[in-house]
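Chemist: Sequence:
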Amino acid sequence: MRRAVARWPLVGEHGPALLTAVRAADPVRVPVRWLARMSAMSSDPELTALVCRDPRGGGGRVSLRFLRTWMTSRPVVAPEDFTVCPLTLVHPGADAWTPPELSLRFLRRIAAPTEAVLLEGAGHLPVEQPGVDQLRDALHRVLDGV
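Reading the sequence shown from the start, the letters are residues 0 to 145 in numbering that gives the first Met the number 0.
Bear in mind the hints are in silico, worked out from the structure with no lab data behind them.
No false leads were mixed into what you were given.
Label pairs and their calculated CB-CB ranges: (1) Glu100 to Val29: 24 to 30 Å; (2) Leu103 to Ser72: 17 to 23 Å; (3) Glu114 to Arg73: 22 to 28 Å; (4) Leu86 to Trp33: 30 to 36 Å.
Even glycine gets a Cβ: it sits at the ideal position worked out from N, Cα and C.
Make the full structure from the sequences, and use the hints.
Modeler: Written as structure tokens, this is what we have:
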């Protein structure tokens, strides 16, 4: 996962060990665009540009501590032990940021009943049709089942 979403795959692969070794750098804040493939955020160039300028999104900065803890975190409950409730994964089918297979691989490990909904033609920020309608329909199905 880390390798897939990192701007440079080697950083995704070796970053956790490096950041753990140099915790003194935790307070340093770096631009998100240095870390992530912002071009993969959306298939809509205008939306991607907007996200890249957003100070709370791709135009912002994150501390190396945040990055280290995100890259080294583990689920509190192992997916194989998760049985609390059914789980529905709704994932953009054309997501170039987080390829669907990464999420599906994790979903297959979940012990509880699962459902996967791939949003046709939708990128990481699912604004494309028919993905938006499929997202709405999936949310209604989940809510109706509660």
